[in-house]
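Protein chains: 2
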Amino acid sequence: MDFSLFESVLEESQIISGDGLKVRYHHIWHMDQPLKALCLLLPETTEEVSNIMKICYENDLPVVVHGGLTNLVGSTETDGHEVVISTERLNNIEEIDTSSRTMTVQAGVILENIHEAAASADLLFPLNFGARGSAQIGGIISTNAGGLRVLKYGMTRQLILGLEAVMADGSIISSMKKIIKDNSAYDVKQLFIGSEGTLGIVTKAILKLEEAPNSRNAAYIGFNDYHKVVTFLKYMDSNLAGKLSGFELIWRNSYVQMTSVSDAVRPPLPYEYNYYVLIEALGSHPQNDQIEFQVLLENAIEKEQVLDAVMAQSPSDVEWFFRIREDVNNLVDFMKHDQHFDISLPIPLIGQYIADRYKSLSQIEGVEQVFAFGHVADGNIHFMVGKTNLSPELKKQIDHCIYDGLKEMGGSVSAEHGIGTHKKDYLKLCRSIEEITLMKSIKSIMDPKSLLNPGKIF
Amino acid sequence: MDFSLFESVLEESQIISGDGLKVRYHHIWHMDQPLKALCLLLPETTEEVSNIMKICYENDLPVVVHGGLTNLVGSTETDGHEVVISTERLNNIEEIDTSSRTMTVQAGVILENIHEAAASADLLFPLNFGARGSAQIGGIISTNAGGLRVLKYGMTRQLILGLEAVMADGSIISSMKKIIKDNSAYDVKQLFIGSEGTLGIVTKAILKLEEAPNSRNAAYIGFNDYHKVVTFLKYMDSNLAGKLSGFELIWRNSYVQMTSVSDAVRPPLPYEYNYYVLIEALGSHPQNDQIEFQVLLENAIEKEQVLDAVMAQSPSDVEWFFRIREDVNNLVDFMKHDQHFDISLPIPLIGQYIADRYKSLSQIEGVEQVFAFGHVADGNIHFMVGKTNLSPELKKQIDHCIYDGLKEMGGSVSAEHGIGTHKKDYLKLCRSIEEITLMKSIKSIMDPKSLLNPGKIF
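If you read the sequences in order, they're chains D and S.
In this text, residue positions in the first sequence follow the UniProt record's numbering: the first is 1, and each later residue adds one.
In this text, residue positions in the second sequence follow the UniProt record's numbering: the first is 1, and each later residue adds one.
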């Protein structure tokens, strides 16, 4: 390939090829696999991304965009024949507007940096998940990331006010507005959110910020019956009136494993319950909020809604409680090979569904461990399945065991990670022929040459 | 036209034509204008809507869908050559799921009935606006309605979990899921939300419900400086930590008029301030919430953040406070002819922008009154302009006076009502050529014969 094409629009230092690619990675969790690509480009402005795409469009070059590479479903995989555009130098926080409560950012800004910048203005960007130190906002938007506070603040889609993207032909589509309400015709920015880079390249966004909370309370609660978990969710959400921000469920065996590896993740509650819930509330009055939270838990115990509860007594307790839930490596490290899932289904059906899956997975030869945990208030459960080998047959057997009942239940094969390459075969299990046909027509008009993130989703 | 076409898919009583149309209306606020249409059809199921559309597609018949007709921007207007599909018999509430906190409804269910059904299950459908007694959920979804509680709960888009729509060719596209998180490829339901019936006909939806609040507090607050309004918004939002649900701003002259016509809308505060804010908070602990709300207001007065405040002391006070804001007829009745606006712009720019518009509107001959008020926390201001005559020149002059500065400010010509026919000429003032081009390509693949709500938006 003739890289001089790109030299007309980029500096030499922004074009990496040949041996330079060897220190680049395919996947942030598999750093042993070097990047396979024609070249990697490092644009610093939207115009540069636009110029790159004009060249790619003219020359029929397929393009994959790399942000933090934390997607987990193969959304950023390459075959070697693609131009990779890295957003790492698109890393400016352009503005924080404290009155509009917005932040204007380029696509490559890392989530943790957004958190810090917001906090420095007494504001909060509420989106939060384990990969916050690597995930970039462009990728977060392209995958409509969820995480730990969707219950209170919504998914990424709810937090994007303005958006700018570069289309396949290099044209720039910009709607950089700070306003919450804009019903002037179709909300086309929705198309770029959650489409995994297959419809356009997100280059800039205006994020919706919230007033920073002053109090944070957390607790672990033990249950034996799933239906009591659902009743407790309603009880806490109703009584905390907007302050309940997290409601995570961990199945007993996952909790045991998550709390066994070090003192930093020691168990807050004993190992005698079937279900462990981690709840979080964000408020504005530290003293009152703590008392209110505690009284609600005491009442729940008294009324036998819950079996046991332990409340974080300090910020470091809160950190301890969350580390247990967030450090999934404590599960992964324990497995020979791992296969993970990210399903969603209606909240009342989750208990029975997971119980059934534990049973049927245990009957598959080659399955060694099954760990379930997740954002139960969002109907989103993560599964990690440990297995003895990487055979495609075993993978398929496990996939089918997890996915096969979902369609009838109105569930989804991907609550938050997306389809990428890993779940392509299962898309039809949760979307109808009519939906997929419509998606493909949209893809065909927005990316007529199929250059954007080829081979992903469909 | 040969109505027997439709007799193959509907009962005779579901087809209205000729004289039958005379008792039907063009617009709910102009009940003197009878409906002009080829015929009006009254389907009772999604399948009937689908069958109607198959016939219309086959025979190139344009279609306009009529719900509650409260859109205000000509979105449901007809010329006389269209088939009108009324959703009024699609009025079943199919299910309330208290654990999933969802309600499944057909498109013709009226918002107020949704409110009542949710309340009967101790839940809340938070969307709320003046036309709730007429507006139907299908139209609400098609226009992405906003209203009085967007600040806390979001616009309609944020409250729709599942959606079913009939496409131009009669095919049914269904994604009736109760789940909050579904990242399985493109979220195509977003296309039907806010596209004013031009891309498909919404027939069914699954609504996201919230736990019902137990306390409701409200107050009027007086200010002379706009920037203090913004500071107060941040102060209350920060301190109420998720409980602040409404923050409405009324300019002095609008407040005077709104509180002058009867004892039911008597003024809660005297006429001496430049700005009046109506705030609402929804919580779960009546006694504590009232004390907290009061203390916050007292502190604001003490710190001279606000000049005056009066708090509702009873549910009937709350009703009184809201009646003032909601009964816009108290403004309309006062005008010879009215022209209304529904703009949005970044919150910090609103004060100066509106002040400038008051000045320049007053210099237009034929303008008699100018009233501004709106959902300031959402950056959304409504203007009502009273005028002496209906000349197109005067209308245009007023339109330009309101819209001309918006583009540079990152504003929108429609925050919540939509484009319809009334704002078509101004769409380009807030959307780029690239955005409009993309919208038109989407329209062309989803409605290739341009049969759905023809002449609207573009």
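Because the hints were derived from the structure by calculation, they are not lab data.
Check before you lean on any hint, since a few could be wrong.
A pair holds if it fits inside one copy or across any two, identical chains being indistinguishable in the list.
Said to hold, decoys possible - In silico DSBU-like links for lysine-lysine, alpha-carbon gap of 35 Å or less:
hint	residue 1	residue 2
1	Lys234	Lys208
2	Lys443	Lys303
3	Lys36	Lys303
4	Lys359	Lys22
5	Lys440	Lys336
6	Lys208	Lys443
7	Lys449	Lys303
8	Lys36	Lys234
9	Lys208	Lys303
10	Lys54	Lys407
11	Lys395	Lys303
12	Lys228	Lys449
13	Lys396	Lys303
14	Lys234	Lys443
15	Lys428	Lys54
16	Lys443	Lys428
17	Lys303	Lys428
Structure-based check of all given hints:
Taking the shortest alpha-carbon separations for Lys234 and Lys208, both the intra-copy value of 27 Å and the inter-copy value of 14 Å come in at or below 35 Å. For a Cα distance limit of 35 Å, the shortest separation of Lys443 from Lys303 qualifies neither inside one copy, at 54 Å, nor across copies, at 56 Å. Proximity of Lys36 and Lys303 under a CA criterion of 35 Å is satisfied in neither setting, with 59 Å inside one chain copy and 62 Å between copies. When the C-alpha separation of Lys359 and Lys22 is checked against a cutoff of 35 Å, the pair qualifies neither within a copy, at 44 Å, nor between copies, at 65 Å.
In this assembly of identical chains, Lys440 and Lys336 lie within 35 Å of each other by CA distance neither inside one copy nor across copies; the values are 38 Å within and 52 Å between. In this assembly of identical chains, Lys208 and Lys443 lie within 35 Å of each other by CA distance both inside one copy and across copies; the values are 28 Å within and 29 Å between. For a Cα distance limit of 35 Å, the shortest separation of Lys449 from Lys303 qualifies neither inside one copy, at 62 Å, nor across copies, at 62 Å. Proximity of Lys36 and Lys234 under a CA criterion of 35 Å is satisfied in neither setting, with 49 Å inside one chain copy and 49 Å between copies.
For a Cα distance limit of 35 Å, the shortest separation of Lys208 from Lys303 across copies, 28 Å, qualifies, whereas the shortest one inside one copy, 40 Å, does not. For the identical chains of this complex, Lys54 and Lys407 are inter-copy neighbours only, at 27 Å across copies versus 41 Å inside a copy, given an alpha-carbon limit of 35 Å. For the identical chains of this complex, Lys395 and Lys303 are neighbours neither inside a copy (45 Å) nor across copies (65 Å), given an alpha-carbon limit of 35 Å. Taking the shortest Cα distances, Lys228 and Lys449 never come within 35 Å of each other, neither inside one copy (52 Å) nor across copies (53 Å).
For the identical chains of this complex, Lys396 and Lys303 are neighbours neither inside a copy (45 Å) nor across copies (66 Å), given an alpha-carbon limit of 35 Å. Neither within a single protomer nor between protomers do Lys234 and Lys443 lie at most 35 Å apart by alpha-carbon distance, with minima of 40 Å and 41 Å respectively. With identical chains, the CA atoms of Lys428 and Lys54 are at most 35 Å apart both within one copy (33 Å) and between copies (25 Å). Taking identical chains as interchangeable, the C-alpha atoms of Lys443 and Lys428 lie at most 35 Å apart whether they share a chain (17 Å) or sit on different chains (25 Å).
When the C-alpha separation of Lys303 and Lys428 is checked against a cutoff of 35 Å, the pair qualifies neither within a copy, at 45 Å, nor between copies, at 60 Å.
Comparing the model with each earlier hint shows violations of hints 2, 3, 4, 5, 7, 8, 11, 12, 13, 14, 17; every other hint is respected.
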